[in-house]
Amino acid sequence: MKEQLTIAVSGLNNTDNPGPGIPVIRALRDWKGKDIRIIGISYDHLEPGLYMHDLVDKSYSVPYPSEGSDNLLLRLEYIHQQEKLDFIFPNFDAELFTFMKLAPKLEQMGIKTFLPTVDQFEERQKYRLSEFGEKYGLHVPLSVTVGSVSEVTAAMNQFDFPVVVKGKFYEAFIAYNIEQVYSYFNKLQSKWGLPIIFQQFVYGNEYNVTALGDGKGTTIGAVPMRKLFITDKGKAWAGITLDEPRLLEMTHKLIAANKWRGGMELELIKDKDGKLFIVEINPRFPAWVYLPVAAGQNMPAAAVQMAFGEDVKPFTTYDVGKMFVRYSFDNIVNLSDFQNISTTGEL
Amino acid sequence: MTKLRYERPIITSLNGGVSNKFGTRSLHEPVSHIDGVSVKEIIAQYGSPVFILSERKIRQTYRDAKRAFTSRYPKVQFAWSYKTNYINAICNIFHQEGSWAEVVSIFEYKKAIANGVPGKNIIFNGPDKTEEDLRTAIENDSLIHIDHLDELYQIIELTGSLKKRPKVAIRVNMDTGIYPMWDRFGFNYENGQAWDAINKIILTDKMDLVGLHCHIGTFMLSPNAYAVAANKLSDLALGLKLHHKKNIEYIDLGGGFASKNTLKGSFLPGSDIIPGFDEYAEAICTTLLNAGFTKDDLPMLILESGRALIDEAGFLAGSVIANKRLSDGRRALVMDMGVNLLFTSFWYDHRISPVEASGHHTENAVIYGPLCMNIDVLRENVTLPPLKKGDQVVVHTVGAYNMTQWMQFISMRPNVVLIDPEGKTHVIRRKETVDDLNKMEEMPSHLKSFKI
Amino acid sequence: MLSWVLITSLSEGLKKCNMNVRIKSNVAVSDSGFVFDPSTGDSYSVNPIGVEIIQLLKEKSSTDDVLKSILERYETDEKTIDKDLFEFIQLLLNLQLAEKV
Chain A
1 MKEQLTIAVS
11 GLNNTDNPGP
21 GIPVIRALRD
31 WKGKDIRIIG
41 ISYDHLEPGL
51 YMHDLVDKSY
61 SVPYPSEGSD
71 NLLLRLEYIH
81 QQEKLDFIFP
91 NFDAELFTFM
101 KLAPKLEQMG
111 IKTFLPTVDQ
121 FEERQKYRLS
131 EFGEKYGLHV
141 PLSVTVGSVS
151 EVTAAMNQFD
161 FPVVVKGKFY
171 EAFIAYNIEQ
181 VYSYFNKLQS
191 KWGLPIIFQQ
201 FVYGNEYNVT
211 ALGDGKGTTI
221 GAVPMRKLFI
231 TDKGKAWAGI
241 TLDEPRLLEM
251 THKLIAANKW
261 RGGMELELIK
271 DKDGKLFIVE
281 INPRFPAWVY
291 LPVAAGQNMP
301 AAAVQMAFGE
311 DVKPFTTYDV
321 GKMFVRYSFD
331 NIVNLSDFQN
341 ISTTGEL
Chain B
1 MTKLRYERPI
11 ITSLNGGVSN
21 KFGTRSLHEP
31 VSHIDGVSVK
41 EIIAQYGSPV
51 FILSERKIRQ
61 TYRDAKRAFT
71 SRYPKVQFAW
81 SYKTNYINAI
91 CNIFHQEGSW
101 AEVVSIFEYK
111 KAIANGVPGK
121 NIIFNGPDKT
131 EEDLRTAIEN
141 DSLIHIDHLD
151 ELYQIIELTG
161 SLKKRPKVAI
171 RVNMDTGIYP
181 MWDRFGFNYE
191 NGQAWDAINK
201 IILTDKMDLV
211 GLHCHIGTFM
221 LSPNAYAVAA
231 NKLSDLALGL
241 KLHHKKNIEY
251 IDLGGGFASK
261 NTLKGSFLPG
271 SDIIPGFDEY
281 AEAICTTLLN
291 AGFTKDDLPM
301 LILESGRALI
311 DEAGFLAGSV
321 IANKRLSDGR
331 RALVMDMGVN
341 LLFTSFWYDH
351 RISPVEASGH
361 HTENAVIYGP
371 LCMNIDVLRE
381 NVTLPPLKKG
391 DQVVVHTVGA
401 YNMTQWMQFI
411 SMRPNVVLID
421 PEGKTHVIRR
431 KETVDDLNKM
441 EEMPSHLKSF
451 KI
Chain C
1 MLSWVLITSL
11 SEGLKKCNMN
21 VRIKSNVAVS
31 DSGFVFDPST
41 GDSYSVNPIG
51 VEIIQLLKEK
61 SSTDDVLKSI
71 LERYETDEKT
81 IDKDLFEFIQ
91 LLLNLQLAEK
101 V
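Residue numbers (the working numbering), protein chains in the order written: chain A, 1 to 347; chain B, 1 to 452; chain C, 1 to 101.
Think of the hints as simulated: they come from the structure by calculation, not from any bench.
Don't take each hint at face value.
Computed cross-link-like contacts, DSS-like style, restricted to lysine-lysine with a CA-CA straight-line distance of at most 25 Å [to be verified]:
(1) C:K83 <-> B:K324
(2) A:K191 <-> B:K264
(3) A:K101 <-> B:K260
(4) B:K83 <-> B:K66
(5) A:K105 <-> B:K260
(6) B:K167 <-> B:K110
(7) B:K66 <-> B:K295
Construct the entire structure; sequences and hints are all you get.
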């Protein structure tokens with residue numbers, strides 16, 4: 001692999017509900033012996049990462065996935081002409097499907113990715129979680145997928161309150177009565193479309209694991225974390241790495257079973273009897289992916305290495321008790337930067 | 001000195017919900033020609049609005065679909081779904097390609113017969129068949145797909161007075177894991193109704209049970225649902241063999257394959273998420289081949305796909321009547337085509353392209369039709385270059401259901417033009433005139449005259 | 001004859017409505033079509049012909065001058081530019097980027 005790599009990264013929304021872009025960039029910047037040029041891929045002119053010039057060398061606006069993959073491809077071809085990209089790191093759930101579809105074309109252009117297959121991506125969808133759990137012998141809370149508002153009442157008969165109401169791609173609300181269920185249903189439907197997923201709320205402690213699969217069943221990296229402080233949006237504001245072999249076992253079992261390729265985040269809940277449930281499988285690295293890097297497992301760099309066909313040995317250790325505490329920071333930017341990105345689409 | 005191309009001045013806010021125009025070129029890229037024929041000239045010759053159908057695209061799509069199935073399964077037969085588009089010229093393109101006819105009313109049945117389709121190659125579906133309709137179908141050896149027990153008893157009764165043995169299939173509904181489940185048509189699989197109907201047909205011995213039919217839904221995005229359906233129909237067919245020593249001639253999996261339209265509420269565009277023919281074919285054919293039939297007993301696979309075969313070959317070209325700004329600041333375009341012609345705009349976000357090239361500046365607009373009705377909206381929100389009165393646009397992927405569900409409401413239906421593979425244009429349904437419509441009306445003599 | 005009268009009366013429209021306007025002096029417009037209003041913090045994107053109109057209005061041109069200038073440089077007719085210009089100026093007024101003089 002070359003010493004110098006040009007890597008495009010999306011998810012620059014380093015807001016109070018951050019995307020994984022900036023943490024992934026920090027991980028790549030920590031990659032020893034590599035000279036990395038970072039190209040930001042942006043969907044919104046106010047994504048903070050656009051203005052973080054010490055981390056992002058150059059940025060381009062791209063069309064939303066909802067505008068179609070051919071439009072995105074046209075734009076990526078243009079960016080590739082300018083920048084000669086080696087690798088693309090998509091970080092939004094909503095764009096992953098489009099990038100997975102484009103992966104063979106990107107490969108032909110000389111741009112590598114390290115993404116799950118469409119089948120892997122689809123079978124861990126929130127609305128198929130029950131099926132997924134059954135197939136791989138993993139505990140999941142009861143989930144029911146609802147395709148229209150008329151099915152809500154019938155579906156709710158299977159649950160005890162509270163119930164988690166989840167959007168197709170993002171967002172979840174905890175509903176304590178049927179009125180709240182309807183209200184969240186409508187809210188999520190108008191934002192993300194159908195279906196909506198109902199999931200039995202499980203009382204217990206939540207744990208998260210960042211992991212990387214090699215696509216052949218081997219877990220290359222896995223670091224569990226417990227959120228210590230949660231924002232009003234339910235996002236981790238502080239967290240700590242854990243020594244809990246059962247979380248790792250569960251991760252290894254899942255990756256061995258479905259041969260996951262790429263980064264992922266598992267959300268698990270341990271109920272009062274100590275039983276572990278998988279509540280969600282996110283098909284990409286989470287926003288806290290820099291904590292595992294600091295704890296000794298640079299999974300984003302390992303993903304790029306594997307995409308280039310290098311033999312990567314699984315990480316076996318990490319620092320337990322490593323913490324992160326997120327902070328916000330008012331970056332002072334020039335109006336001309338905003339003007340450039342919004343009128344030329346480049347910054 | 002040549003003058004610059006004029007474009008209406010526009011100003012758009014950059015605050016909040018940033019509009020993202022970069023790289024969306026193909027969305028606003030003009031569509032000046034269809035199959036090499038100028039849209040402007042078609043409109044000049046045939047008026048605005050006008051439906052345009054590409055024969056080349058129809059044949060190419062049909063051949064793609066056919067290849068996907070015949071390369072995986074030995075016996076495949078398509079039957080053209082008349083309700084999707086029953087303009088005779090369109091039906092005949094499919095018949096020339098080898099399609100049978102699939103009809104759901106005696107009106108469609110008569111169209112198929114008039115087009116020259118042999119009775120034995122007509123599949124008669126649907127819940128509404130009168131005694132007279134059934135008699136016609138039986139005499140023509142058509143394939144009657146029985147929807148309910150009342151129909152079954154009626155056919156049994158008819159066999160008393162007819163010399164022919166009717167050829168029938170039963171329509172089966174089932175749970176394929178798809179919401180909503182279509183259980184209003186046919187006999188249910190899970191609760192045993194379907195098997196019960198099969199037994200009645202065999203034991204009364206008045207007709208030949210030649211097939212099993214299902215149609216699991218519409219705009220199906222999951223090929224796996226077809227695998228489930230194929231599996232359940234195979235199970236019935238194998239049960240028939242086991243218990244009654246009878247072979248089924250065909251399994252008809254109906255239609256429902258999605259076209260490249262984007263359903264309202266879908267985050268990703270249809271073109272990115274719909275399965276291709278190969279994916280549907282793989283799911284269906286693999287299931288049938290592995291179901292347990294011996295090589296000689298493999299039933300013929302019939303497909304009644306309509307939408308997926310014709311939608312993308314259809315375009316609607318029209319013109320801007322006016323553009324205005326609504327009270328909340330939104331741009332609105334009034335077009336000369338509305339929901340009266342484009343029924344499908346109730347559930348799709350149809351792609352709309354300008355006919356002429358423009359700059360890269362765009363604005364969001366709501367697209368209204370010409371009707372004096374609040375519901376006449378073609379798109380609630382679409383990004384287009386600034387268009388002015390008289391500018392023309394093309395609406396894409398309108399070949400399915402619009403030319404059958406259109407309404408003669410407020411205005412009359414326009415010309416439908418076919419572009420043949422050589423690029424020649426033909427009117428295949430001329431536009432309606434006031435005389436056409438008045439011809440059907442009668443005036444009672446006491447209402448003939450008045451003074452105002 | 002009738003159409004000539006109509007056009008004359010239309011182009012007179014802006015003047016009659018007392019539609020001479022001026023872009024506020026602190027509003028900045030760049031050639032790339034970026035408009036920034038420092039009094040509200042709002043920014044806008046404008047297409048090239050819009051930039052041209054705003055620049056003309058900033059130079060204290062009357063709406064009549066703007067109309068003539070656009071007519072000279074662009075492939076269009078008086079009726080069209082009159083209607084579009086009127087609407088554009090209305091929008092500038094609504095957005096408080098311009099004021100009547």
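Each hint tested on the structure:
Distance check on the hinted pair: C:K83 and B:K324 sit about 11 Å apart at the alpha-carbon level, within 25 Å; holds. Between A:K191 and B:K264, the direct Cα distance comes to roughly 12 Å. Compliance with the 25 Å bound is thereby established for this hinted pair. Proximity of A:K101 to B:K260 is assessed by CA-CA distance (about 16 Å); at most 25 Å being required, the pair is judged to hold. With a C-alpha separation of about 20 Å, the suggested pair B:K83 and B:K66 falls inside the 25 Å cut-off, and the hint holds.
Annotation: proposed proximity of A:K105 to B:K260 holds, straight-line Cα distance about 20 Å (limit 25 Å). The straight-line distance between the Cα atoms of B:K167 and B:K110 is roughly 18 Å, inside the 25 Å bound, and the hint therefore holds. For the suggested pair B:K66 and B:K295, the alpha carbons sit about 21 Å apart, so the restraint of at most 25 Å is met.
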